[in-house]
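Protein chains in written order, with the numbering used here: chain A, 1 to 112; chain B, 1 to 116.
Do not rely on the hints blindly, as some may be mistaken.
As the list claims (entries may be wrong) - If you only want the chain B side, here are some residues facing chain A, beta carbon under 10 angstroms, derived:
1. Pro8
2. Glu15
3. Gln37
To be verified - Sample of chain B residues with no beta-carbon within 10 angstroms of chain A, all distances over it, derived:
4. Glu24
5. Leu27
6. Gln41
7. Gly63
8. Lys83
9. Glu109
Just so you know, these hints were derived from the structure itself, not from any lab.
Keep in mind that this is a model prediction, so the values were computed, not measured.
We put the beta carbon where it would ideally sit given N, CA and C, even for glycine.
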Amino acid sequence: SQQGEEDPQALSIQEGENATMNCSYKTSINNLQWYRQNSGRGLVHLILIRSNEREKHSGRLRVTLDTSKKSSSLLITASRAADTASYFCATGDYNQGGKLIFGQGTELSVKP
Amino acid sequence: DGGITQSPKYLFRKEGQNVTLSCEQNLNHDAMYWYRQDPGQGLRLIYYSQIVNDFQKGDIAEGYSVSREKKESFPLTVTSAQKNPTAFYLCASSIVGRSSGTGELFFGEGSRLTVL
């Protein structure tokens with residue numbers, strides 16, 4: 001079962017613009033994570049936000065979490081062509097046996 | 001260098017054959033996972049293991065089997081019972097924290113299986 005649903009499915013922007021991706025989930029969570037995947041490669045962890053946190057920053061990344069709405073957003077500021085990739089949210093809850101459930105992903109294209 | 005190694009990167013299989021995908025990690029992680037990814041889709045969990053000699057079915061375990069005889073290794077066998085095995089398979093590992101849920105996953109580079 002897919003926990004997260006991401007929006008939009010695809011996003012195309014110009015270099016220098018900001019990119020915002022949203023993730024909604026259904027059940028209780030201990031944390032929510034964002035990953036990046038370049039075409040044909042494995043996923044790379046970007047950032048983890050715990051259920052008692054509301055916002056977290058890492059470089060050009062800003063993640064927010066609203067547990068009352070069961071949603072999260074990932075903002076990439078001042079995007080670069082190298083940010084072109086698919087971005088996935090994933091939710092973790094130890095009560096689910098320690099497994100991580102992934103959303104469908106947002107495909108981001110940053111045009112130079 | 002620490003990390004996860006998957007092999008082979010590309011694999012072709014004839015219908016009716018079993019194939020085994022290798023996954024090895026030297027991160028000393030307790031938990032290991034297998035995910036399947038279809039084109040344009042997210043990741044679906046096949047099997048996972050939090051400790052040696054123990055593993056649990058994920059959401060799409062039918063037609064797959066695993067073993068966890070060593071902490072470092074978690075091979076996945078795609079059996080002939082899997083009706084649509086052509087996909088990209090990803091192995092991952094993590095530290096499992098009881099108080100904070102599943103931590104960061106470290107992924108291998110994937111194995112692409114094509115059934116001819």
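Status of each hint after checking the structure:
{"no.": "1", "hint": "Pro8", "in the structure": "14 angstroms, violated"}
{"no.": "2", "hint": "Glu15", "in the structure": "24 angstroms, violated"}
{"no.": "3", "hint": "Gln37", "in the structure": "9 angstroms, holds"}
{"no.": "4", "hint": "Glu24", "in the structure": "14 angstroms, holds"}
{"no.": "5", "hint": "Leu27", "in the structure": "13 angstroms, holds"}
{"no.": "6", "hint": "Gln41", "in the structure": "6 angstroms, violated"}
{"no.": "7", "hint": "Gly63", "in the structure": "18 angstroms, holds"}
{"no.": "8", "hint": "Lys83", "in the structure": "20 angstroms, holds"}
{"no.": "9", "hint": "Glu109", "in the structure": "5 angstroms, violated"}
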